[in-house]
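Read off the chains here:
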Amino acid sequence: MIKNLSKNFGEIVVFDDFSLDIEEGKIYCIMGPSGCGKTTLLRIIANLESYDKGNIDLKGKKISFIFQEARLLPWKTVRGNLELVCKAKEIKKIDQYLEVMELKEYEHSYPKELSGGMKQRVSMIRAFLYPHDILLMDEPFQAIDVKLKEKLYKEVYKLHKEVNNTIIAITHDLEEALFLADKIIILSQKPAKILYQASLDIPRRDRNPDHEVLTKVKKQILKYLYHASV
Amino acid sequence: MKDFIIRNKKIYLLISIFILLLIWQIASFFLSPLIVPSPVETAKIFLNFLSKKEFWLDIFVSFERGLLGFFLAVIIGTPLGFLMGLKEECEAFFHPLLVLTQTTPTVSWLILGWLWFGTGDGAAAVFIIFIIVIPFIMVNVMKGTKEVDSSLMEMAQVFNFSLRKKIFYLYIPQIFPYFMAGCSIASGLTWKGVAMAELLTARSGIGAAMGVARINLEIGQVFVWTAVLIFLGHGFSRLFKYIELSVTKKWR
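Which chain is which? The protein sequence lines are S and G, in order.
Heads up: the first sequence runs through residues 0 to 229, numbered per numbering that gives the first Met the number 0.
Heads up: the second sequence runs through residues 0 to 251, numbered per numbering that gives the first Met the number 0.
Among the clues, some could well be false.
Label pairs and their in silico Cβ distance ranges [stated by the list, open to error]:
id, chain 1, residue 1, chain 2, residue 2, range
1, S, E101, G, L96, 35 to 45 Å
2, G, V246, S, E23, 45 to 55 Å
3, G, K249, S, E48, 29 to 39 Å
4, S, E10, G, K249, 44 to 54 Å
5, S, S108, G, R237, 24 to 34 Å
6, S, G9, G, F167, 32 to 42 Å
7, S, K88, G, L96, 45 to 55 Å
8, G, V246, S, E106, 45 to 55 Å
9, G, I74, S, E23, 26 to 36 Å
10, G, K249, S, K61, 29 to 39 Å
11, G, I18, S, E101, 54 to 64 Å
Keep in mind the hints are simulated off the structure, nothing from the lab.
Where is the CB? At the ideal position from N, CA and C, for every residue including glycine.
All chains should be built: construct the whole structure from the sequences, respecting the hints.
Structure (C-alpha cells):
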C-alpha cells in the first residue's frame, strides 16, 4: 500500500524510501520511539499531510480515523456528534455502540460534561459509525483507565469483526498490541525503517500473559523497542 | 466566597454611580441651571417627556435608522469578513476598504453622506451607521474565521463533511462569539452616530431634537436625550453580550 515513501519536514527526514504492505481485514499495531513519525504516517495515509516522493495506493478505500485527542464538536451533544458522520439508516447503530461503550446515559451530554476517556470513547464510536474500509487509530486508549481498557480492546476487536475493516493502530502499550494485533510493526528512529515485524496467529481468547509464544514475541519486541530508543 | 466577591463588585458599581450623581448634583448647585441642570430637574423633564408623543416618535425614528444601517452592515460585512478570514487574497483585496472605513473621520462621511443623500429622510444617518459598523463586523468575523480550530477542520475532512455541514457545524459556531463581540462594540457606537448624523443632516430623530433643544437653550432636554442615547448604547451592547453568553453557555 505504501511504496518508497519519502517525507521531510524542512531539514528533518521523517521517511526515506519507506514501504509497508497492508493486508486487508487485518489489525496492525505500529510501535516505535516517540517522534519517529508514526503519527505522520497515519496522517499521510489519511491525506492530512503531503509527502515528497513515493506512492500511497488506497485503491479507492475509505478511511476513518481515531485521533489522539477526541476532536468532538463542543457545540453538539454526544448523539449530535455521532449523527454527523452516519447516514439516516444507520442511526440505529448509534444506540448499539453507545451501549457497548457504556455511554448510553450520556447521549444528550455535551463534550465538556464528559471526562477525557469518555470523549475518546465517543470518538471511537464515531470512527466505527463512519462507513470505511481502513480505520486509523492514533493511541486511542491513552486517556482511558486501565480497568475499562481491556474491555474496550475486546469491544474494538468485536466491532472490527462486525464491520470487517482493516485497522492500523499506533500504540505505546505492548499489552494492547499483543491483544489486538495480527501484526506488530516496530519502527526505528527517524528516518523511520521497519526494524521488526511479528505476526501473531494466536486466537484472541488464548492470548493470556503466560502464553508461551506471546512471551517470546514480547521479549523480542522489548529488545527492539529498547534498541530503537537508544 | 465567590458570591461575596460578585456582590462586592456590584456594590462598587452602585457607589460609583452614586458618586457621579453626587458630583452632578453639587455642580448644579453652584452653576446656573442654564449650564448644568440638576439631576432632579433633568428627571422632571424626562418624566414630562414620557407622556409626549414626539419624544417616542423621535426615538422610534432614530431607532429605525440605527437598526437599518446596522443591519445592512451586518448583511454585507459578515460575508466579506468570512472571505477575508478564509483567503489571504481576499483579505488583501478588501484591506483598503477596511482602512478606508476605519480611518476616514466620521465628519467626512457626514458631509459626504449629507451631500449624497440630502437631508430630511435620514438616509445620510443610515449611511453613517453603515460605515461605522461595517469594519467592526468585518474584522471580527475575519478573526473568528481565522481562529477556526484546525484540528476540527481535519476531523471534518476525514469524515468527509459537505460544505453545508462545514459552514453550519464548524464555521458558524466558532465565528459566532466573535461576530457577537463585534456587534456589541458596534452597537455601542451606533446610537452616538445616529444622533450626530441627525443633528447635521436630518429634521427628525434624537439628533434633530437635540439640535432644536440647543437652539432654544433647553440644556435640560439635551441632558435627557443624552441619557436616552447612553441607555440605548449600553443596553444594546449588553444585549448582544447576553445573547452570546446564553447561546454558548450550553457547551462552554
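Checking against the hints above, which ones are violated?
-> 1, 8 and 9
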